[in-house]
Amino acid sequence: MIRVGSLLAAVVCLATQTSVASAAELKVYSTIGVQAAMEELAPAFEKQSGDKLVFTFNTAAALTKRIQAGEHADAMILTRQNLETLAKENKVSGHITPVASSGISVVVKSGAPKPDISTPDALKATLLKAKTIAYSNPAAGGASGVYVGKMIERMGLTDQLKDKIRHPPAGGNAAHLVASGEAELAIQQTPEVMSAKGVDLVGPLPGNLNNITHFAADVSTAPTAKSSAEAFMKFLTSPEAVKVFKARGLEPG
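Per mature numbering (1 follows the signal peptide of the UniProt record, and there is no 0): the sequence shown = residues -23 to -1, 1 to 230.
These are computed hints drawn from the structure, not numbers from a lab.
Keep in mind it's a predicted model, so treat the numbers as computed, not measured.
All residues carry an ideal CB built from backbone N, CA and C; glycine is no exception.
Where hints are given, some of them may not hold.
As a list, the in silico PhoX-like pairs of lysine-lysine whose alpha-carbon atoms are at most 25 Å apart [claimed, not checked]: (1) Lys174 - Lys65; (2) Lys141 - Lys127; (3) Lys139 - Lys127; (4) Lys108 - Lys86; (5) Lys101 - Lys42; (6) Lys4 - Lys211; (7) Lys65 - Lys42; (8) Lys86 - Lys106; (9) Lys4 - Lys42; (10) Lys86 - Lys139; (11) Lys108 - Lys65; (12) Lys29 - Lys220; (13) Lys174 - Lys203; (14) Lys86 - Lys174; (15) Lys220 - Lys4; (16) Lys91 - Lys65; (17) Lys108 - Lys174; (18) Lys65 - Lys4; (19) Lys91 - Lys139; (20) Lys29 - Lys139; (21) Lys24 - Lys211; (22) Lys65 - Lys86; (23) Lys65 - Lys24; (24) Lys223 - Lys91; (25) Lys42 - Lys86; (26) Lys29 - Lys4; (27) Lys223 - Lys65.
The calculated label-pair distances, taken between Cβ atoms and stated as ranges, are [unchecked claim]: (28) Asp136 - Gln45: 32 to 42 Å; (29) Ile189 - Gln25: 50 to 60 Å; (30) Arg43 - Gly184: 28 to 38 Å; (31) Asp136 - Glu207: 45 to 55 Å; (32) Phe32 - Asp136: 34 to 44 Å; (33) Ser87 - Gly27: 35 to 45 Å.
Let the hints inform the model, and build the full structure from the sequences given.
What follows is the structure, given as structure tokens:
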């Protein structure tokens, strides 16, 4: 009996060691546009797979530059445009998985009156009336910051608004400046502003002034654990992921 018990204990120990050894640690570079969704989904994937996800969040442009400079990530969730660029440079596999898309929305401090942004003219009047306006710094390369800067220029408001503009730190959330009282309203990717506390959603930019960013995923050309990285790609299109994306203000696919 003692010998049988010892044998069973050895088998259990070996199985445990094998399971631990087979578990992978995946380094994931992800745009902040899907950060809230990824933070919610990560525990579910880790529980299902036994693998661990280690995220680095920043703007898609900043992360793309880091990959181009030689940094390594097993998987990347960036804009589709960024991934197509990396695929041409042989940094990712090129088997790009569409994940979700997002528009741009406006928020104000919780409890504050919601301004009219229902039409382009109404938005223009609201921007002119606002004392301070926050959006991501275009120089940081964030998709919404670049777009909003160009939108203001197209509306002919650059000079009139220049002293009102406030930018969060690179990779930061413009909505946080509204919550802290540093800005009256913020304009940023919908899932990013929805994840912020202390603000109320006014709504999306009106009509053709809105801009849709398409987020996608791919694996490195040399992932540390290819099967685990590919399993993560499949997980991003699972019903569980779709449900979370929708709840976080993203349109799946």
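List in ascending order the numbers of the hints, as given earlier, that are violated by the structure.
1, 5, 11, 13, 16, 20, 22, 23, 25, 27, 29
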